[in-house]
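Chemist: Sequence:
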Amino acid sequence: MAQGKDVREMTEGKQKTWLITGADKGLGFQTARTALERGDNVVVTVLAADGVHDLAADYPDRLRAFHLDARDQARVGTVVARAVEAFGRIDVLVNNAGYGLVALAEATGADKYRPLFEVNFFGLVEITRAVLPIMRKQRSGHVINLSSYAGFIGTPGFGFYAATKFAVEGYSESLSREVKHLGINVTVIEPGGFRSDFAGASLDQNIDTLGEDYAPVAETVADYSARRHGKQPNDPELFGQALCAVADAEEPPFRLPLGRDAHAAILKDIEEVTDELERWKELSFSTHRPL
Numbered sequence: 143m144a145q146g147k148d149v150r151e152m153t154e155g156k157q158k159t160w161l162i163t164g165a166d167k168g169l170g171f172q173t174a175r176t177a178l179e180r181g182d183n184v185v186v187t188v189l190a191a192d193g194v195h196d197l198a199a200d201y202p203d204r205l206r207a208f209h210l211d212a213r214d215q216a217r218v219g220t221v222v223a224r225a226v227e228a229f230g231r232i233d234v235l236v237n238n239a240g241y242g243l244v245a246l247a248e249a250t251g252a253d254k255y256r257p258l259f260e261v262n263f264f265g266l267v268e269i270t271r272a273v274l275p276i277m278r279k280q281r282s283g284h285v286i287n288l289s290s291y292a293g294f295i296g297t298p299g300f301g302f303y304a305a306t307k308f309a310v311e312g313y314s315e316s317l318s319r320e321v322k323h324l325g326i327n328v329t330v331i332e333p334g335g336f337r338s339d340f341a342g343a344s345l346d347q348n349i350d351t352l353g354e355d356y357a358p359v360a361e362t363v364a365d366y367s368a369r370r371h372g373k374q375p376n377d378p379e380l381f382g383q384a385l386c387a388v389a390d391a392e393e394p395p396f397r398l399p400l401g402r403d404a405h406a407a408i409l410k411d412i413e414e415v416t417d418e419l420e421r422w423k424e425l426s427f428s429t430h431r432p433l
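Just so you know, we're using the working numbering here: the sequence shown kicks off at 143 and counts up by one.
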């Protein structure tokens, strides 16, 4: 493929340019591969210090890989600038970088939960802030933020992970209403269980029973990785196809669960919330004072 001006002219037509964080492996890797296979340009961030990516040899003209630790806010601007330098624009930002934490709320110190927020939430915010001026200038773009169905439903042992994803959802919903008139869409993806390494190497497990009081909860979540890893119901190779469909939609959804498990869990939670709202409606209304 031609470089420079020819690439940019093609991008301004049907070809999209993606920036995908945390694309070394897992769902980010699959998304990058799917976008490349269909002819798009892709910029990925990886943890490898040399910026090497396994897909680079197959797509030398349309893939750029740069090292970025999501906690390194000072480097974010450089990576975004180099992405624009390579392909002239950014059409789709996929904030995929992140990891999981299985831990009991009372037993978990700041040394565990603060780094989780730095990667899963603050890192996402900073790269979004760096990309938004480019999308504003283009008057087009799509920010796709990776949440989880844990960003909708809190479960035992996942309080801090869920908190990071709840933060992503609140930020994304407000952002979507700030930038919609500028031609920029925002979508939150809420994956269920995918057969990636999320329940394996990308999951930090920090279970302390704190004695008998938490024994039932600890027993439930302590072997999460062993029970889940390699047995999740969703196929990572289909994840990228779903994100491409979202990126191509004229009116993309704000919230998209991926997987029957995520869809069912969120619907069940909505039903429970609705029932509770109705049950306590009289007390909710009791604070109203007519003007």
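Accuracy of the hints is not assured; some may be wrong.
Cβ pair distances, simulated, as ranges [to be verified]:
| id | residue 1 | residue 2 | range |
| --- | --- | --- | --- |
| 1 | 271 | 413 | 44 to 50 Å |
| 2 | 390 | 430 | 42 to 48 Å |
| 3 | 194 | 413 | 44 to 50 Å |
| 4 | 396 | 425 | 27 to 33 Å |
| 5 | 423 | 211 | 43 to 49 Å |
| 6 | 224 | 415 | 30 to 36 Å |
| 7 | 200 | 248 | 46 to 52 Å |
| 8 | 390 | 257 | 32 to 38 Å |
| 9 | 156 | 249 | 29 to 35 Å |
| 10 | 390 | 249 | 40 to 46 Å |
| 11 | 395 | 359 | 31 to 37 Å |
Simulated from the structure, these hints should not be mistaken for lab results.
Heads up, the beta-carbon is just placed ideally off N, CA and C, and yes, glycines get one too.
Chemist: Each hint needs a verdict: does it hold in this structure or not?
Modeler: So, going through the hints one by one against the coordinates:
1. 271 with 413: 44 to 50 Å: At 36 Å between Cβs, range violated.
2. 390 with 430: 42 to 48 Å: With a Cβ separation near 45 Å, residue 390 and residue 430 satisfy 42 to 48 Å, so the hint holds.
3. 194 with 413: 44 to 50 Å: holds, 47 Å
4. 396 with 425: 27 to 33 Å: About 30 Å separates the Cβ atoms of residue 396 and residue 425, which means 27 to 33 Å holds.
5. 423 with 211: 43 to 49 Å: holds, 48 Å
6. 224 with 415: 30 to 36 Å: For residue 415 against residue 224, whose Cβ atoms are near 44 Å apart, the range 30 to 36 Å is violated.
7. 200 with 248: 46 to 52 Å: holds, 48 Å
8. 390 with 257: 32 to 38 Å: holds, 35 Å
9. 156 with 249: 29 to 35 Å: Roughly 52 Å apart at Cβ, these two residues miss the hinted range, so it is violated.
10. 390 with 249: 40 to 46 Å: holds, 45 Å
11. 395 with 359: 31 to 37 Å: holds, 34 Å
Hint compliance for this structure: hints 1, 6, 9 are broken, all remaining hints hold.
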